[in-house]
Structures are given as C-alpha cells and as structure tokens.
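Protein sequences appear in the order of chains A and B.
Per my numbering, residue 1 is the first one in the first sequence, and the count goes up by one each step.
Per my numbering, residue 1 is the first one in the second sequence, and the count goes up by one each step.
In case anyone wonders, no lab produced these hints; they're calculated from the structure.
Owing to the predicted nature of the structure, the values given are computational and were not obtained by experimental measurement.
One thing to keep in mind: the hints can contain errors.
Listed next, with one range per pair, are the computed distances between beta-carbon atoms [to be verified]:
#1 A:Glu14 to B:Tyr125: 55 to 65 Å
#2 A:Pro525 to B:Ala40: 23 to 33 Å
#3 B:Arg95 to A:Phe338: 24 to 34 Å
#4 A:Pro525 to B:Tyr125: 43 to 53 Å
#5 A:Lys241 to B:Ala40: 31 to 41 Å
#6 B:Leu88 to A:Glu14: 48 to 58 Å
#7 A:Leu483 to B:Leu227: 15 to 25 Å
#8 A:Val382 to B:Trp59: 23 to 33 Å
#9 A:Val466 to B:Gly213: 47 to 57 Å
#10 B:Asp72 to A:Phe232: 26 to 36 Å
#11 A:Leu303 to B:Trp59: 39 to 49 Å
#12 A:Leu303 to B:Gly213: 55 to 65 Å
#13 B:Glu271 to A:Val321: 25 to 35 Å
So the derived list for chain A, only partly shown, Cβ under 10 Å to chain B, looks like this [said to hold, decoys possible]:
#14 Asp112
#15 Pro116
#16 Asn181
#17 Ala379
#18 Asn498
To spell it out: a stretch of chain A is covered by chain B in this simulated footprint if at least three of its residues, at any positions, have a beta carbon under 8 Å from a beta carbon of chain B; those stretches are [claimed, not checked]:
#19 143 to 155
#20 411 to 419
#21 491 to 497
Ideal Cβ placement from N, Cα and C applies to all residues, glycine included.
Chain by chain, the residues:
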Amino acid sequence: MNASASARLDGPPEDYLTAGSTVKSWLLTSDHKRIGVLYLISVTAFFIVGGILAGLMRLELMTPKGDLFASADTYNRMFTMHGVVMIFFFLVPAIPAALGNFLLPLMIGARDLAFPKINLLSWYIYIIGAAMGLYLLAQGGVDTGWTFYTPFSSMYSNTRVVTAALAVFITGFSSILTGLNFLVTVHTMRAPGMTWFRMPLFVWSNYATALVMVLGTPVLAISVVLVGLERFFGFGIFDPKLGGDPILFQHLFWFYSHPAVYIMVLPGFAVISEIIPCFARRPIFGYSFIAFSSVAIAVFGFLVWGHHMFVSGQSMYAGAVFSILSFLVAIPSAIKVFNWTATLYKGSIRFDTPMLYALGFIGLFLVGGLTGLMVASLALDVHVHDTYFIVAHFHYIMVGGTVTAYMGGLHFWWPKISGRMYPELWGKLSALLVFVGFNLTFFPQFILGYLGMPRRYFEYRPEYQVLNVMSTAGATILAVGMLMPMVYFLLSLRGPKNAGPNPWGATGLEWQIESPPTTHNFHAPVVVTCDPYLYSPEEAEREYVHAQHDHAS
Amino acid sequence: MSMPSTITPPDSGRQDLLHHFDDLEQQHLSSSLGMWFFLASEVMFFSGLIASYMLYRFWSPEAFHLASAHMDKWVGLANTGVLLTSSLTMALAVRCTQVGDRKGIVRNLLLTALFAVAFLGVKAYEYRVEINHNLFPGPNFIVPGSPRDPHASPGHAEAGASDHGEGGHGGGASDYERLRQASMVDGQVDEQEFSRNQGHFQLMFVFYFFITGIHAFHMIIGVVLILLFAVLAQMRWFSGYGQTQIEMLGLYWHFVDLVWVFVYPLLYLVE
Numbered sequence: 001m002n003a004s005a006s007a008r009l010d011g012p013p014e015d016y017l018t019a020g021s022t023v024k025s026w027l028l029t030s031d032h033k034r035i036g037v038l039y040l041i042s043v044t045a046f047f048i049v050g051g052i053l054a055g056l057m058r059l060e061l062m063t064p065k066g067d068l069f070a071s072a073d074t075y076n077r078m079f080t081m082h083g084v085v086m087i088f089f090f091l092v093p094a095i096p097a098a099l100g101n102f103l104l105p106l107m108i109g110a111r112d113l114a115f116p117k118i119n120l121l122s123w124y125i126y127i128i129g130a131a132m133g134l135y136l137l138a139q140g141g142v143d144t145g146w147t148f149y150t151p152f153s154s155m156y157s158n159t160r161v162v163t164a165a166l167a168v169f170i171t172g173f174s175s176i177l178t179g180l181n182f183l184v185t186v187h188t189m190r191a192p193g194m195t196w197f198r199m200p201l202f203v204w205s206n207y208a209t210a211l212v213m214v215l216g217t218p219v220l221a222i223s224v225v226l227v228g229l230e231r232f233f234g235f236g237i238f239d240p241k242l243g244g245d246p247i248l249f250q251h252l253f254w255f256y257s258h259p260a261v262y263i264m265v266l267p268g269f270a271v272i273s274e275i276i277p278c279f280a281r282r283p284i285f286g287y288s289f290i291a292f293s294s295v296a297i298a299v300f301g302f303l304v305w306g307h308h309m310f311v312s313g314q315s316m317y318a319g320a321v322f323s324i325l326s327f328l329v330a331i332p333s334a335i336k337v338f339n340w341t342a343t344l345y346k347g348s349i350r351f352d353t354p355m356l357y358a359l360g361f362i363g364l365f366l367v368g369g370l371t372g373l374m375v376a377s378l379a380l381d382v383h384v385h386d387t388y389f390i391v392a393h394f395h396y397i398m399v400g401g402t403v404t405a406y407m408g409g410l411h412f413w414w415p416k417i418s419g420r421m422y423p424e425l426w427g428k429l430s431a432l433l434v435f436v437g438f439n440l441t442f443f444p445q446f447i448l449g450y451l452g453m454p455r456r457y458f459e460y461r462p463e464y465q466v467l468n469v470m471s472t473a474g475a476t477i478l479a480v481g482m483l484m485p486m487v488y489f490l491l492s493l494r495g496p497k498n499a500g501p502n503p504w505g506a507t508g509l510e511w512q513i514e515s516p517p518t519t520h521n522f523h524a525p526v527v528v529t530c531d532p533y534l535y536s537p538e539e540a541e542r543e544y545v546h547a548q549h550d551h552a553s
Numbered sequence: 001m002s003m004p005s006t007i008t009p010p011d012s013g014r015q016d017l018l019h020h021f022d023d024l025e026q027q028h029l030s031s032s033l034g035m036w037f038f039l040a041s042e043v044m045f046f047s048g049l050i051a052s053y054m055l056y057r058f059w060s061p062e063a064f065h066l067a068s069a070h071m072d073k074w075v076g077l078a079n080t081g082v083l084l085t086s087s088l089t090m091a092l093a094v095r096c097t098q099v100g101d102r103k104g105i106v107r108n109l110l111l112t113a114l115f116a117v118a119f120l121g122v123k124a125y126e127y128r129v130e131i132n133h134n135l136f137p138g139p140n141f142i143v144p145g146s147p148r149d150p151h152a153s154p155g156h157a158e159a160g161a162s163d164h165g166e167g168g169h170g171g172g173a174s175d176y177e178r179l180r181q182a183s184m185v186d187g188q189v190d191e192q193e194f195s196r197n198q199g200h201f202q203l204m205f206v207f208y209f210f211i212t213g214i215h216a217f218h219m220i221i222g223v224v225l226i227l228l229f230a231v232l233a234q235m236r237w238f239s240g241y242g243q244t245q246i247e248m249l250g251l252y253w254h255f256v257d258l259v260w261v262f263v264y265p266l267l268y269l270v271e
C-alpha cells in the first residue's frame, strides 16, 4: 500500500503510454488511463465477435430459405450470442469503461478515480466473465435469446444456459464496480472550484449511468441466479405446474434490462454533449436542462420495464400505466435533442469527423426515439411486437445512437488517448459509410416488421426478400465503415505524436494537458474558475476570415 | 507535490495518504461513500428476492402459512440475539480504532467472528433438521403427511386420505391434509389447485433456503474478512489503526445483520 503510493510519486511525470512498457506494467496498472485503454482493446475484440455473428445472420437472411446454417437451431444460437456479446460485453462497458475511465478523472481535475485498484479489479472481473462468454461460444452458445425467458430457459433449452447466466452474472459485478467508482469519484474527487454545475456534461451523464449500474445490475444478477437454480434443482419458481410464474422472470429481468438500455445510451449522450459545442464553437444551450435530463432518464428508466410485456398477459391497467410512463421518458430525451440542435443554431460549425458522427447520432437517435413512442403505445405494440420493427427500433438506439456516439467519441479523444491524429479524410469517409450503411441496414427492417415479418426466424416468406437483401447490403457497407477506423487508428500509432495538447481548440481540463497525458495527469493542483464550454462563435469566425485572408495573400 | 503523510512516524495513529487524494478527510469520505453505494447495490440484490417472496406469499397465503410454521421462531430469535451481539462487538472494534486501542481491536474482532460462527452453526443445525424432514426443495421434497412421507404414521395418512373435507379440521391434521382442504371447490378437491398449493408450499422453502443461504454466504465472507483484519491489525499491517478499513468492514457487517432483522420476521414470524 505505502510502497505503491510512493512508487508513483517517486518518478517524474512521464507519458502514461511509455512509462513502463512491460506486459506486467500494463496488467498490474492502477492508472485509470491505462485501464481505459485495456477496456478499449477488450470491448473492441468483442465488438468484432458480435459483428461477425451479425454478419453471418445477415448472410443467412439473404434468401427466404435456410441455406447457410444447417438448422434453425444454429440460427437461434447465433442471434442469442450476438445479443449477449453485444449487450453485456460491448455496449454496457464500451463508453463508460473505456472512454469514461480515461476521461472522468481528467475532466474533473483529479489524479485518478477514487479506487484505482477496484478499477483494475473491475477489468479482471470483466475479463473472467468475457472468457466464460468465449468458452460458451466455443461450446455452441445458447438458444434462448439474450432475454433468457422462462420457462424455455429454465426447463426446456438443451444448451448451456447456466454458463451463460454465470457469464452475465460475473460481468455484472464488473459494471457495478465501475459504477461505484464513478459515483464516489464525482462526489469526492472534484478539483477546487469544480462545482457540480461546472462539470462537463460528459460527467453528468456518466454519473447518471453509474447510478443505474449500481442499482439495476444486482436485480439482473438475482434473476439469472434464479434461472440457474431452477435448472439445477427444478424448484418450480418459474414452473406453473408447481405454482411458479414464468412472468415473474420477465418482471425481474426487465427491471434491470430496461434501465440497462439507459446504461448503454446515456454515455452516448455524454459524448455528444461534448462534441456538439466544440465543433459548433458555441457554449452548450441549456446546460442544466441537459444535466438534469440525464438524471431524469436514469430515474424514469426504473419505472417503465412493463412496456416490454404488453402482450405477456399482464394487467391492462398495468400496461396503460407503463405506456404513459414510457411516454414520459421521451420528455428528457427530447430536451437533449432540442438543446443540441439549439446549440448548433448560429454556431460556427466545422465538419470534422467527430462532428459528422455526432450529427449522424442526432438524426438516428431521433428516428429510434420516435419509433420508441410508437412501440410504447399499447395498441400499436400489439401489432409490431416481436417483429423486425422492434429489431429496427432498438438498433436505431443501440447502434445508431450508442455505437455512433462511441465512434464519434473515439475520433474526438483519439488524439488525447494516443497523442496522434488520424487521417481526416478517411475519418470523414468512415462516418459517411457508417451513416449510409446503417440506414440501409435497418430502415428496411422497419418496413419488414410493419409488414409482419417476425424476428428470430431464419426463414421467411419470399415477398420479404428484396428488403432483406437491401438490409444485408447495408450491413456490408456498415461493416466496412466500422472496420476502417480500426485500421487507420492502428496505423496512426506508427506515426509521430503529432496531435499537440488541443487539436480541436476545445475547452475542458483534459485538453489543457499534453497528449498523451502524463502519469500524474496534471502538473500543478487544478483550480477551476469558470463554467464549461466557453466557446465563442464570433472568435471562430474571425479566425476563419484571417485564415482565408492569409491564404489569399 | 507535497506528501505530509510520509513524514509522520508510523505509529502516530495517522493513516497514510494514498497518492491520488489531497487529504485524509477526502480519503476517508471516499471509502465511506463507496461502501454506502455498495450497500445500496446490495439492498437491490436482496429486494428483488424479498419482493418475489412477498408476491408469492400474497398469492398463496395458506400454503405459505403452513410452511412457515415449520420454522422454529425461538431458535431464530436466539440467533437474532447472537447476531445483534456481534454487531455490538463490531461497533466496539470500530470504537477501539478511533481511540487507538490495538488489543481492543483484535479482541473485539475475534469476538465478532465467534458470534458469527455461532450464528452460522445454529443455522446449519436448522438446515439439518429441515433437510432430514425432506423439506429441502427439489426431487426429494415431501409435503409432511403426504402418502410419500416416511415420517407420517401410515394410519394417519390413510385417515387423511379417506375423509374428504369435514374430518380434517382438527389440530393434528398434517400439512398435506390442510393443503387438500384449502384446494376444495364445491366439496370436491380441485386437483390442479391442490398441485399448485403443494408447489407453493415447496416454494416457501425455496425462498427460505435461498434467502437465508445468500445471507449466510454474506456472513461467511464477513467472517473471513473479520479474521483477516484481526490478523492484519495484530501484525500492524494497517497504517494508523486501520480506522478506515475497519469502519468499512463494520458498515458491511451491520448491513448483513440488518438484512437478517428484515428476513427473520418475514420468514419466521409472519402468520
């Protein structure tokens, strides 16, 4: 304890990337920046795994007959593993654990998170859970759908449901620990002068995310443990013959898994709230509204789980209440979208790669959010329930929202994380491909679903083929758009550290130190004296005119 | 960067300051807040279970009433006393860290562990009795008094099986007969309802074993930590007197006791 504390203080501040280059120095690090990078590498690996599974599914769906896979059962395992991997091993940890870990202490002027060792522990727990996930995949996966609905999962499925439950259970602890760390850090580690209302909105959103992680995840843990016990002992908690109720599982499961949607998308909001003001060169519009809407979403998120269960036979009155509450969630979400748009108004907008991703996010999230209102309406949901309409809706939120924001955030902070710039032209191209590919993949699915194509089937009626082929073609473009950054980010690592401390001219404490930051983060104690996002569009205009003038002369 | 903590002598009772904190107060506050958030997470962990238990109990009061009559509330009460005493000694251990009484810390931690082990021993005894009566849920579960029950006198079971309704109201009626009674519709036994009632009877034991089992699991972790901390305190491994660490352990321990204070009435006392 003493030794490690003084060891870090002994040395002069060094570039965090090169201070100790042994594998051990990475695996035993307690530096939040290095742990962020560890998470970045691991979630990227799982993003690729989940992406390959999605690609195989789209290939299968090119034709109405099942021809790529031997059986429908294989297809069932594919979509289940795609869901499990993408949600629990990629989307939930992606932004908070990779970008959040790296940025949160920097943004509030702290030297580290409150519990650096617990932070490292959370990564190891994640890796154990993830290793179980890979083992599961190697053993053939599960076929229950990522929702593990009983009684199929508890009584009938012949696959390794218990392994899957255990993997999810373990990974859950990792996100509880990350959430705990964020909450405490925001409460106790802010630099002098960094009041709650001077915090960047990234911090506010991640704070709200952390709240949901800490309070929601244990309920998921208990419900998957109950499924495991049920399979081992046949207790009958979910077996109607023995007086149990399979619907109880759905209640417990969605009590976590709906808030988990906000665990995934709130960090997306966090990133967008940083990018938009920087590239519009304007202070964010309605700071406190955006801050509180994050908290409001986190709170409302716990009260809407029943909207997944409109057709499960729950009471009509419960359905109506859940429907109304789900509509209420749209209010804070819309507040954010309006405020981002208002920030753009009269701004001096620059279309760099992060901004292209952020603008794409606003459009895609809008479509996802509005279709969310459609499926939150009782009558309409009965029509589109369990169809591709739902699939398209949540992919617009999860991929169009979260993944787009994640990519935008990666491009925005890559110079800070690595110290290097990426090729801007390739970046813009990737943003364009992701936007086009995404819409081509998922917009046809709205139509398919509305026409009545059910989800989770590997065969379909021939008249749906055109739209399915469009979707598969879009998925190909999307995959190219996603793979490109991976290539040029890695290639940029071979180049010199050319980014400089603040390539975007952004405000925020993380941009006032060198890129990449040193092991000490800040060289002198930080004192904050002003509000965040003090950008000036007029100044940006003047600079632009100057640049034009110089160029002409 | 100044580091006031390293210049203080090791046994002055001051704790070391980790590099990323500004002062001891901030460090202590962070640990304590972290523990409270962790406990909030734990509350959610137990609340899902307790909510499910209460729902089922509400749906099937008769079966749960009969099943909970098998819990020995006096043994439970004694055990509650033991556990609350362990909370007292834990609080004393925390007090000892604040006044710098190293012997007191170790003594009180060991006492806490002793009470905790006593609690777990009694709990194990209760489990054994229940398992011996085939009350552990699963394939071996037998509703007392049912034709499969080896403990029931054969004549009794037959009497129960032969008289429908009226005869079985006596105090000596077995759980099986009473569940049968509760499943009467228009003087006829509704077999489906009867099966559901037997299921609910078993479900009470599912919840009983699961909730108390998870509680016991938390206690076992607690005992291991308490013993570890006692050894570390004896070895002077903690900086200062381990004020922060032992206070956090204390918070955890009081939480585990508090869970029992909710679980005991819910499982043992509700009529």
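Quick rundown of the hints versus the structure:
1. A:Glu14 to B:Tyr125: 55 to 65 Å: holds (60 Å)
2. A:Pro525 to B:Ala40: 23 to 33 Å: Holds, at about 32 Å.
3. B:Arg95 to A:Phe338: 24 to 34 Å: For Phe338 (chain A) against Arg95 (chain B), whose Cβ atoms are near 55 Å apart, the range 24 to 34 Å is violated.
4. A:Pro525 to B:Tyr125: 43 to 53 Å: Check failed, 59 Å falls outside 43 to 53 Å.
5. A:Lys241 to B:Ala40: 31 to 41 Å: Cβ of Lys241 (chain A) to Cβ of Ala40 (chain B): about 37 Å, so the range 31 to 41 Å holds.
6. B:Leu88 to A:Glu14: 48 to 58 Å: Because 50 Å falls inside the window, the suggested range holds.
7. A:Leu483 to B:Leu227: 15 to 25 Å: Roughly 53 Å apart at Cβ, these two residues miss the hinted range, so it is violated.
8. A:Val382 to B:Trp59: 23 to 33 Å: Once the Cβ atoms are compared, 27 Å apart, the range 23 to 33 Å for Trp59 (chain B) and Val382 (chain A) holds.
9. A:Val466 to B:Gly213: 47 to 57 Å: Cβ of Val466 (chain A) to Cβ of Gly213 (chain B): about 56 Å, so the range 47 to 57 Å holds.
10. B:Asp72 to A:Phe232: 26 to 36 Å: holds (27 Å)
11. A:Leu303 to B:Trp59: 39 to 49 Å: With a Cβ separation near 23 Å, Leu303 (chain A) and Trp59 (chain B) fall outside 39 to 49 Å, so the hint is violated.
12. A:Leu303 to B:Gly213: 55 to 65 Å: violated (31 Å)
13. B:Glu271 to A:Val321: 25 to 35 Å: holds (32 Å)
14. Asp112: Holds. Min distance 4 Å.
15. Pro116: Result: holds, 7 Å to nearest chain B Cβ.
16. Asn181: holds (8 Å)
17. Ala379: violated (28 Å)
18. Asn498: Result: violated, 30 Å to nearest chain B Cβ.
19. 143 to 155: violated (count 0)
20. 411 to 419: Our answer is that it is violated, as 0 residues pass the Cβ test (under 8 Å) against chain B, missing three.
21. 491 to 497: Coverage by chain B is violated for the stretch 491 to 497 of chain A (0 residues, Cβ < 8 Å).
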